[in-house]
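Q: Generate the whole structure from the sequences, applying the supplied hints.
Okay, so the sequence shown: first residue is 1 according to this note's numbering, each after it adds one.
Derived DEER-like restraints, expressed as beta-carbon distance ranges:
| no. | residue 1 | residue 2 | range |
| --- | --- | --- | --- |
| 1 | S242 | D218 | 23 to 31 Å |
| 2 | A127 | A162 | 17 to 25 Å |
| 3 | R114 | E188 | 15 to 23 Å |
| 4 | A4 | A72 | 36 to 44 Å |
| 5 | D251 | F160 | 36 to 44 Å |
| 6 | G42 | M139 | 25 to 33 Å |
| 7 | P177 | A72 | 32 to 40 Å |
| 8 | A17 | D70 | 21 to 29 Å |
Source of the hints: derived by calculation from the structure; they are not laboratory data.
None of these values were measured; they are calculated from a predicted model.
Each residue gets a CB set at the ideal place from its N, CA and C atoms; glycine is no exception.
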Amino acid sequence: MEPARLSLNQITLNSLALPEAVAACERHEIGSIALWRDKIAGVGLGRAAELVRSAGLHVSSVCRGGMFTDPAVDVREDNRRAVEEAATLEADCLVLVCGPALDHDLPAARERVRDGIADLLPHARAAGVKLAVEPLHPMMISRRSVVNTLRQALDLSDAFDAEVGVIVDAYHVWWDPELDAQIARAGERILGYHVSDWLPETADLLLDRGMMGDGLIDLPRMSRLVAEAGYTGPVEVEILSSHWWAQDPDDVARTVRKRFEEFV
Numbered sequence: 001m002e003p004a005r006l007s008l009n010q011i012t013l014n015s016l017a018l019p020e021a022v023a024a025c026e027r028h029e030i031g032s033i034a035l036w037r038d039k040i041a042g043v044g045l046g047r048a049a050e051l052v053r054s055a056g057l058h059v060s061s062v063c064r065g066g067m068f069t070d071p072a073v074d075v076r077e078d079n080r081r082a083v084e085e086a087a088t089l090e091a092d093c094l095v096l097v098c099g100p101a102l103d104h105d106l107p108a109a110r111e112r113v114r115d116g117i118a119d120l121l122p123h124a125r126a127a128g129v130k131l132a133v134e135p136l137h138p139m140m141i142s143r144r145s146v147v148n149t150l151r152q153a154l155d156l157s158d159a160f161d162a163e164v165g166v167i168v169d170a171y172h173v174w175w176d177p178e179l180d181a182q183i184a185r186a187g188e189r190i191l192g193y194h195v196s197d198w199l200p201e202t203a204d205l206l207l208d209r210g211m212m213g214d215g216l217i218d219l220p221r222m223s224r225l226v227a228e229a230g231y232t233g234p235v236e237v238e239i240l241s242s243h244w245w246a247q248d249p250d251d252v253a254r255t256v257r258k259r260f261e262e263f264v
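A: See below:
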């Protein structure tokens with residue numbers, strides 16, 4: 001894929017604070033960045049906005065809002081803050097990781113997700129922020145999200161007259177036998193496309209994503225499907241990996257650029 005579409009998801013260089021991540025993007029001529037809220041908080045929202053604008057970086061997303069099923073936090077207030085952060089940073093979208101299953105009642109958990117989005121949507125609309133539901137692999141259902149397929153995410157979108165979009169994350173949806181049809185169905189509702197790879201010997205459910213080209217995902221084919229659906233925006237490299245986090249960040253950034261051109 002053409003390098004101009006590359007966006008560095010900040011988690012890929014997780015050891016770096018925001019100023020250092022921005023500097024890495026400048027050194028490696030990466031024009032877009034996806035920001036995580038803990039990194040934003042580390043410097044303050046105003047400083048974060050100043051850093052990305054001074055560097056001429058486009059913010060492809062802010063991660064994350066959601067967690068609508070979590071009783072341990074003030075979800076409503078936290079999500080409103082997330083919307084304000086995405087608006088200030090002029091991000092393409094706020095990613096929604098919808099929240100885990102907490103008991104045996106999955107339908108009730110998914111209903112809480114829909115209710116949470118319904119409550120947040122007017123605030124996002126007023127702020128000019130697009131909400132994007134990211135379905136996560138079923139292995140994440142007890143830890144991160146009860147929305148696990150593109151079909152489920154798009155059914156949620158349908159409930160809001162397609163005003164809520166979706167993220168297509170290769171790592172989370174590559175296995176889905178309905179993938180082709182659901183990507184085509186998503187069309188202009190695709191607000192982000194994330195890439196990494198699924199290692200044949202995955203050692204950790206969360207922190208063992210592979211660099212593009214090291215695993216089992218047919219990324220060129222998925223990229224073609226997303227393009228055919230009409231998505232032309234930034235493509236985020238999002239690699240949560242203990243292995244890659246232990247490497248020199250500049251080496252990782254160089255590898256990201258090379259593999260992005262070769263395998264995405």
